[in-house]
Structures are given as C-alpha cells and as structure tokens.
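So the protein sequences, as listed, match chains A and B. According to the numbering used here, the first sequence is numbered sequentially starting from 963. According to the numbering used here, the second sequence is numbered sequentially starting from 963.
To be clear, the hints were calculated from the coordinates, so they are not data collected in a lab. Since we're looking at a predicted model, the values are computed, not measured. For each residue, glycine too, the CB sits at the ideal point set by N, CA and C. All the pointers check out, no bait thrown in.
No farther apart than 27 Å at their CA atoms in a straight line, the calculated lysine-lysine pairs in the DSS-like style are these:
no.	chain 1	residue 1	chain 2	residue 2
1	A	Lys-1101	B	Lys-1101
2	B	Lys-1298	B	Lys-992
3	A	Lys-1108	A	Lys-1234
4	B	Lys-1068	B	Lys-1048
5	A	Lys-1068	A	Lys-1048
6	A	Lys-974	B	Lys-1234
7	A	Lys-992	A	Lys-1074
8	B	Lys-1101	B	Lys-1074
9	A	Lys-1235	B	Lys-1101
10	A	Lys-1235	B	Lys-1235
11	B	Lys-1235	A	Lys-1234
12	A	Lys-1298	A	Lys-974
13	A	Lys-1068	A	Lys-992
14	A	Lys-1048	A	Lys-992
15	A	Lys-1101	A	Lys-1234
16	B	Lys-1108	B	Lys-1235
17	B	Lys-1048	B	Lys-992
18	B	Lys-992	B	Lys-1068
19	B	Lys-1298	B	Lys-1068
20	A	Lys-1235	B	Lys-1234
21	A	Lys-974	A	Lys-992
22	A	Lys-1234	B	Lys-1101
23	A	Lys-1101	B	Lys-1235
24	A	Lys-1234	B	Lys-974
25	B	Lys-1234	A	Lys-1101
26	A	Lys-1234	B	Lys-1234
Away from chain B, derived, C-beta distances all over 12 Å, residues of chain A:
no.	residue
27	Val-987
28	Ser-1044
29	Ala-1157
30	Phe-1250
31	Leu-1262
32	Arg-1269
33	Gly-1285
2 protein chains.
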Amino acid sequence: MSDENLQIRLAKRPTGAPDPSCFQVERGPKPEPGEGEVLVRHRFLSLDPYMRGRMSDAESYAEPVAIGDVMIGGTVGVVEESRHPKLAKGDFVMSMGGWQTWSVAKGGEVRKLQLPEAHLSLALGALGMPGLTAWWGLKHIGQPTKGETLVVAAATGPVGAMVGQLAQRAGARAVGVAGGPEKCAFATETLGFDACLDHRADDFAEQLAAACPDGVDVYFENVGLPVLGPVMPLLNAHARIPLCGLVAHYNATSLPAGPDRTPVLLGLILRKKIRLEGFIIADHFDEFGAFAADVAPAVLDGSITVREDVVEGLENAPEAFIGMLTGSNFGKLVVKVAD
Amino acid sequence: MSDENLQIRLAKRPTGAPDPSCFQVERGPKPEPGEGEVLVRHRFLSLDPYMRGRMSDAESYAEPVAIGDVMIGGTVGVVEESRHPKLAKGDFVMSMGGWQTWSVAKGGEVRKLQLPEAHLSLALGALGMPGLTAWWGLKHIGQPTKGETLVVAAATGPVGAMVGQLAQRAGARAVGVAGGPEKCAFATETLGFDACLDHRADDFAEQLAAACPDGVDVYFENVGLPVLGPVMPLLNAHARIPLCGLVAHYNATSLPAGPDRTPVLLGLILRKKIRLEGFIIADHFDEFGAFAADVAPAVLDGSITVREDVVEGLENAPEAFIGMLTGSNFGKLVVKVAD
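Start from the sequences and build out the full structure, keeping to the hints where you can.
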C-alpha cells in the first residue's frame, strides 16, 4: 500500500472529444485529515458521462473542474484514519473522492457502506448514482405501468440496465438500444430485455418500430437525437420522457445540420401531450434511502442483474473515460484503483 | 329570424396560410332534431387557433374536417326545439355547433349555460375552453408560486390574458408578450400585467430579459419558437413549460433554416431540469366544474378582466379567422352570428 497519492488532473479543456492530453498525472504525498474529516484510500473510481460536462466551462448545473484540479468522481474506499466521531478506521465509504488514490473528506460528506466487501463497487453503479438515476426517473417521471412499452438506450450501461429491469418489474415491456450485436444479445439474454436493437444498424429505425408494435409510452432519454429521432414517431399519447443525459451530444462542437427541427419536437409534444422533463440526480440524494430499500435486496440476490466493466489501475482512467463517451465500455465502467 | 341555415364549409385544405378560397358558403334549410336531440340557433361562434390544425390532414390529436364539411367550432345559442328531457326551448347552451347559424346536437353533448344573457359569449372565452386551458395548464403544469416570474405570449388573447391574471392571483409576476404597442399597453394598463413586451421590436429579446431580472419560472407556451427562443436563456432551474399551442408554426410549410437547434433545447431541459409538457384541453373537460367554480365569480364581478373582439356576421368568419392566425384580433375573437 503506497503512501503516494497518484492523481489525475484536468490539464486543459477539450474541444470536441477529450484526448489524453486533456489529463495530467501527478504524484504527491497522501493528504492529512483535519478535524471532522476522514482519510480514505480509494478502491474504485466511477467513470460517468456527466464528467464530460465538468471538463468544459460552458454554463451547466454545476461548476466546471478548474484547470489543474483533480478530476471529480465518485469513489469507494476504506477509512484509513478518522477524525470524525461516526466513522472508524476500516469503514467502507462512498464519497466524491475524485481521480486519485487517496482523499480526505468531511465526515458528513461520505456515506458509510453496508455492502459486502466483494460488492463495494455496486455503490458506484447499480446501488449508487446510476441506479438512483434510473429509479428516480422512473418513479417521478417515467411511471411505466403494466402493458406499457418503455425504450431506453445504452441498455447495457448502469442506468439503462436498471431502467429496463425496473420497468419490467412494473409490468412494462422493456426495449433496449445498444451499440453492436454483443451488447444487444447481453441485454436480451442476460438482462432480460424484451428486445434490444443495435443503433448502428442501417435499418435501426425500422427495427425499433417493429419491436414496439404498440408504440412507446416511456422513453428514458440518456443519449439524445440519434435515438430520440427514431423514437419520436413511435411515441404514444401521454408518453413520458425523463431526460437524464445526452451523451451523444457531449462531444459536439457544432449543432447538427439544418433545417431546425425544434418545431417538430414541440409539435409532437403538443399533439401527443408528452411530458419531457430533465433531472439531475444530485438534487434527489434525499431519496437514496428509499431507493436502496427498494432495489438493494434485488441486486444483492441477483434478481436484478448487474454488469461491470472494470479497468485496472487509475492511470488507465483517461483512456477508459474517452472510450466510454463513444460506447466502448460494456457495463458500468469503474476503475480499480487498489486492491 | 331566418329559417335558412347559413353554413361555412371547408372547400379545400390550405397550403401555408389559409385564404378565403379555402372556405365556401352554403345555404340550406335548418336541420331537424331527432329523438334525444335539440335544435340550436347560434348566437356566437368561437374562432380559435386550433381550427387551423383541423383544416389539414396531417396527423394530429383529432380528425381533420373533411373537405365539404361544415367547419368545426364552439358555439353558444338558444334551444329552439328540444327532444331531450333535460333541455327546454329557450335554454342557452354551449355546443360544438360549427360555422353555421343552426345546428342539432345530442342533449348530452351540449352544456346548459347559467350565464346572464348579456355575457353568453364568455362561454366561448374566459369561461370556456380558452379559460379552462389557462387554468388547467397552470394548475397541473405551470404551478406558479409567490415571487416567481411567468411569461406568456398572446397576452391579450383569451388564454394569455387569463394565464397572466391567474398567475398574479397566485402571487407570481406576470410578464406578457404581444404584437404591437397598443396590445402591450392594454396588457399592463387594463389587464394588470407587470410588464408586456412587443415581440415585433428589434430588441425584443433584450427587453424581455430586462423585464425578467429574476429569470423565468413558468413559460406558458402558446406560440412557439419566436417567443420560446428569447425565453430560453432566461429559464430558471426547475422551470415549467405548459405547451398548449404553437400558433407561430401552424401556417408553416417548411421548417426554419438550420442548424438543427433541437440539441440546444434538450440540453437546456437537462441542465435546468425543466418540465415541458403538452396538453390538449379536450382531455380535461371533466375539470370544467372545478374551473368554473374557481374562476367564474371573478370574471363576472370584473376582478378578472376580459376583452372580446366581436366580428359581426357569420359570413365574415373566414377573414377574421385568417387574420387571427397572424395576430390581427385584439382579445377573444368571436363571431356574432345572430342577435
């Protein structure tokens, strides 16, 4: 166990897709916890699409990472030193530790984990922010009911996989969208989606229509126009579209070519009486307890299936992150920072 | 009182803006009520933007008017002959009588009016479908609260005027948008809007921003991109956009020039966690009683101000309707069919 703190910092803001030169690796001493703080040694770092937004200084719902700062990110780790009364050395915790091997955090800003040690990384995926995103968006906006049809893209990712399985638990049909035949087969055969279509197929729109013979009642939007476009003509009256991400657009440096199709979307929302609503899961951490009580038993007993894509070594985080933005991961992407 | 039934029928479907050749005037005998029906002599016909949609055969939420059929429309009139047990000769009723001087309707499809005879036309505006549209959209989607800012276009029209006044009753600031200085002055001086901006002004966007120093919490959408565009940068986190109409786009024969700005709208909805929801008021007539109980006293005692634009004579309906689509009316447009 090294006392060195390996860190990955934001070297420059990307134009379009980030490349490795956007990140810089630094090494320093592990930090010292102050009063009320804990020192955490990281086991896993989460890599998530929202981080792309934080690399840019365009207006967003959160402050960007400053040039030279450690990249932000959720982490699970073990408390090595505690100066907080409710946390002890050896506790497993989840916190926003960032892309580094050690961090200090205020005791009130870490969440003590009750998970078995072999499943700690679930706190970054199915039982963490992505799982809560799926659960919250369905509970408050999507609201699938028996016999309805739900479509979600990135179906093998941590949000999509949970969305599909929770929708089925509510009695809805779950139709996934994923990149490539291997992911589609996994979605139907292992995750149990009713269907999964490859968005790279030339006839994707036709396949999607055929897989949704009764139209689409819930489209859980995490991608953007490449999937929303083919979904639009299938939307039923009173369809709901929870919007939690737009990964297809995060690297864009210009808008798609014209004409401006905004009136098409607006007209559809009017005619079909659609509810389209954005949400940022950080606003809703107060419902974490209800989410965990509802979902954790099913994840831990295997009735909800989870797939992780584990990258070894923090130094490989930039490449893994860059790839994730174009779908190269297969399952929830986490970096194993240390054993 | 003529026994002749003057009718205005759809002669052909418009391409772009309708012109007088889209309508044909016919004369025939007044119809005969069947068992369970009433014969109604119309006093007023309502002209509303939604009718433009029914003139086209593009997919919509309702069937189009067939070529050669009488144009649809809400009417108030007097029962001249009743074959329904709950309605009597002399009753004032509201029904979908269409652009004609007489109609028959099933007794269950007319609403008996309790309004004073001098105010019958209110059943087509402030106390009819437009008023219900304003009330329902605010109650279920817009939900303005004390200290918030609401923006609504067509502020002197029947929906906009009611939206602004109901928002103020809820404690919100009401900022209107209208076409021309005369309408803007009426909105602030007579309807009591906190501000009203002329969308024809070159610096409309700047004026709107200045009138909304705390941003926009509710944008009641009845127009489309010409107003939504300038509103977008002003929207606050958790803003709500009830979408009941897109009159600026109804006559469009092509989409606006590129680029495709749909991702801009989607990105804003995500970052600002906006709820954008379409609704068609015909789905919600079951709440008419609650609406009338809430709003009718204030309309009848003048604490909610109503302005009507009354066109004399059914034969002038096409010209008035064509003008309404570009904002030539000033207040709720009704046609006085007969005394």
